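Trainee: Given next are the chains, with one letter for each unit.
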Amino acid sequence: MTTLEQFIDGILRKQPLRRAPAGFEARVLQRLAQQAARPWWLQGFNRWPKAAQLLFLPLAVCFVPLLFRAAGSLTALLQSARYSAPLDAAQSAASTLGSLGHAAQVVGGLVMREIPAVWIYGSVGLAALLYAALFGLSAAAFRTLVQTPQHAQY
Amino acid sequence: MHLSDDETVQSPPAAGDRNAEFTKFMRKYQDMVYSTAARLSGSDAQAEDISQEVFLRAHRRFEELRDNPRAAGWLKTVATNLTFTHLTRYRKRWVFFSQLQPQDEDGDAPEHEFAAADSVTDEVQDEERHEFIEAALRALPEHQRVPLVLFHFEEMPYEEIASRLRVSLPKVKTDIHRARQALAGILARRGITAAQLES
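Protein sequence lines, in the order shown, are assigned to chains A and B. All the letters of the first sequence, read from the start, carry residue numbers 178 to 331 under the working numbering. All the letters of the second sequence, read from the start, carry residue numbers 456 to 654 under the working numbering.
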């Protein structure tokens, strides 16, 4: 150990801890109370109840076909309303929505009927994989290009 | 399933008890966490934000930490990591503003004048000296202060500092040496020398 190193080491080791600000404890407790007051579904996924976490994935997968079915039902409902009541502005708007829903149903039905389910889920998996790969590449590029020692001040 | 008659022993602590225990835990470690963040970041405001985040994370893992002898180490590590994140996040902003301050060509600390007040007792003198040293640390440029603090306060070896900061080993050694020189210079102007330290 050099003299300078010993001197600075001696000085710094004698330094007492810095005191946290007076209101710090209250501030943390207040923040914890705010977090606790939020419903679980507004909190991070890792803080959801285990059952909700386990149910989330199958529900999310089932959501897409349910959406198509709902669109189909809505279309049928709107079309029946169109023939049973006089046309007015609201019905015209409803008709447009119905057409859109019908189109979505047709496209969805076509996709589900014509394309094998394995292909659909495979494509979704591939898209997720590509997305993860892109994310990884971006992270690696950021670490290499932005956080290199040449550029970093720390 | 057999339940014990003594439910007070078996049942988990109530929310109020848990909060009281966490408050006690926080009181025990808050100065240590705040010191680590303040000395590394060089900013009291940032240190407060970082310390808050450290304790919010600690609260999530309180069951593991409450009686764990390694809790202090965990808190220090999280405080250090979060400070690095803050420093990285605000680096560009920091560089921009640091360019407004006069610095030597090699990035050494500018000459700072610290107030020297008359002291009444040794205790006051000690307190003033501690405050003066903290101010001197804050005055060091970030690339010198961070490795210096990691080496002398966190007792991290050179190799680990270089690895954590992702800089070369010679650069770490040079920065720490320059930081010591700058600090010694500031202290000498205040009359704090090795001889005085020994006395």
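Just so you know, these hints were derived from the structure itself, not from any lab. Nothing here was measured: the structure is a model prediction, and the numbers come from that model. Every residue gets a Cβ at the ideal spot worked out from N, C-alpha and C, and that includes glycine. Any given hint could turn out to be false.
Unchecked claim - Some chain A residues close to chain B (C-beta under 7 Å, calculated; not the full set):
| no. | residue |
| --- | --- |
| 1 | Leu181 |
| 2 | Ile185 |
| 3 | Asp186 |
| 4 | Leu189 |
| 5 | Leu194 |
| 6 | Arg195 |
| 7 | Ala197 |
| 8 | Val205 |
| 9 | Leu209 |
| 10 | Arg246 |
| 11 | Ala253 |
| 12 | Ser257 |
| 13 | Glu291 |
Trainee: State for each hint whether it applies.
Mentor: Verification of the supplied hints:
no.: 1; hint: Leu181; in the structure: holds, 5 Å
no.: 2; hint: Ile185; in the structure: holds, 5 Å
no.: 3; hint: Asp186; in the structure: holds, 6 Å
no.: 4; hint: Leu189; in the structure: holds, 4 Å
no.: 5; hint: Leu194; in the structure: holds, 4 Å
no.: 6; hint: Arg195; in the structure: holds, 4 Å
no.: 7; hint: Ala197; in the structure: holds, 4 Å
no.: 8; hint: Val205; in the structure: holds, 5 Å
no.: 9; hint: Leu209; in the structure: holds, 6 Å
no.: 10; hint: Arg246; in the structure: violated, 40 Å
no.: 11; hint: Ala253; in the structure: violated, 48 Å
no.: 12; hint: Ser257; in the structure: violated, 53 Å
no.: 13; hint: Glu291; in the structure: violated, 48 Å
Comparing the model with each earlier hint shows violations of hints 10, 11, 12, 13; every other hint is respected.
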